[in-house]
Amino acid sequence: MKIRNRFRVCVTHFALAGLSVVFMFPLLWLISTALKRLEETTMHPIVWIPKHPQWHNFADAFTYGSAQLGYIPFLVYARNTLLLCILVVAGTVVSNSLVAYSFARLKWPGRDLMFAVTLSTLMVPFPVLMVPMFALFRDLHWIGTYRPLWVPAWFGSAFSIFLLRQFFRTIPFELSEAAKLDGCSEWGIYSRIVLPLSKPALAVVALFSFMATWNDFLGPLIYLIDQKTFTLSLGLQFYQSQHGGTQWHLLMAATTIVVAPVILLFFFAQKQFIQGIALTGLKG
Amino acid sequence: MKERRKGKIAGLLFACPWFVGLSLFMAYPVCASVYLSFCEYSVLKPPMWVGTENYRDLFHDELFWTTIKNTGLYAIVALPFGVLLGIFLAMMLNSKVRGLAFYRTIFFLPSLLPQVSLAVLWLWVFNGDDGVLNEFLRMLHITAPNWLSDPAWSKPALVLLSLWGVGNAVVIYLAGLQDVPVQLLEAAELDGASAWAKTRHVTLPMLSPVILFNVIMGIIGTLQVFTVPYIMFPGGSPARSTYFYTMYLFDNAFRYNKMGYAAAMGWIMFLAILVLTLFALKVSERHVYYGGEAK
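Residue numbers (the working numbering), protein chains in the order written: chain H, 61 to 344; chain V, 34 to 328.
I should point out that these hints are in silico values taken from the structure, not numbers from a laboratory. Hints may contain errors.
[To be verified] Listed next, the stretches of chain H that the computed footprint assigns to chain V, with coverage defined by at least 3 CB atoms under 8 Å from CB atoms of chain V:
1) 78–88
2) 100–106
3) 177–184
4) 286–300
C-beta atoms are modelled at their ideal positions from N, C-alpha and C, and glycine is treated no differently.
Okay, chain H solo, but in the shape it has when bound:
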């Protein structure tokens, strides 16, 4: 029995190690290529560790096109993306915490029906809304600006409302009652009791909306026109469509620039990621 168990542990370890090597390969390949000289990218057999790591590839990817355009695209893309993320995350946290508070802890006629409607909107895929949304923003003269990408975030989203509502409901209602007896208003209960106690859930919502904005491609593709306003995702696609298949070392350096913040963020907020996904997956 014991021997068989130990054998199983060994096999599991072996399989896990093997699979993690397979999973790591593309990322190692990415970093390795990003540090190569152009000639090294097409050498056989593969050069895994470049003789002279070309750290300036990152700088080159950053400044690519700056001579023709008069500004530095990847730096501009990064700034644009960051700005957009800040606006979206702020809007998501503010609006959804208000709405979720109402759904979780206040009573008003039609509330449960409204909540059911809210959940059912999760079923509607974005492609269904794509055409009328575009028409709406065009009528508002918002095409080519960031507004279509961040203004809706300030008016709630079904997913975040659901997530926060579930969390808010776990906070003891006696706290609200006690505060009310002491003359605290609903706003006071929301801002001074519920919000401070909900930091983990708010962090998850902020994190998810940040990731969604950072990774979004279809939205910027539809609404942005001028290259100066592009986000990193869109900028990377633009770069690839112009230089794919020729300058792999620079393209991989540019990809690393897009990917690195996500990886860094993951290492800082690993707990929130895992919790958030498990939370929405199991209680969903």
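Since the structure of chain H is already known, use the hints to place chain V on it.
Chain V alone, transformed into the frame defined by chain H:
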């Protein structure tokens, strides 16, 4: 009495951002989309009512059926493989080996990366002459396929790529596995159940609601696949073998300016998702176990 009224007003005030958001960014587009799907609409000119023409045209549109076939084929292969690999990885991670956090990080990380960067990176991995994958295959003396230019290999390439992003599901499965009661497994072991029997008769039934959740999320996601093929295979190349439904919808809306046509495609997609989800729920009824629920 006055207190209750004050509560109601506060409730409505707190919820009012969502009233605006729901009506402006959900209810209005949904209604407009239904209307536009019965119109000829090019953005430049006001919509013109054409009845069911868009839907009838779609029925005779060869490309429409091509994209449905491509999307369906991709989903039929990618979904089961994703579920199997996801459960397999989660079960290995759940077997109390050392270094769980390390392995979990490695499997989870790829699923977080932006789709655009995935597509660009894998263009290079799949590169016919200098890509790392074909270099390995050549080392093993396997004929290296042209992943990106052979219509027979373009879809398998996308399936491989989708498996790299299985980490999200792994985390959900893992959380589900950790909820499987230890007493049940111990009881089974006392009765002399083999490892396979325990998996088959205890773990998998307990995990079934989580599997169902992942399958439904998988259906919704796979039917909407867009970014990766859009970048890796411009125009659905080679030979339209990777032209997926959402790509054609996007092209109709923003390349050919056939907005009404695109809206009709959106609703057909919605119906497909609805039908498939209900189907999954129906089929699973007999197989999914919800703890504590009377049969």
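Evaluated hints:
{"no.": "1", "hint": "78–88", "verdict": "holds (count 7)"}
{"no.": "2", "hint": "100–106", "verdict": "holds (count 5)"}
{"no.": "3", "hint": "177–184", "verdict": "holds (count 5)"}
{"no.": "4", "hint": "286–300", "verdict": "holds (count 6)"}
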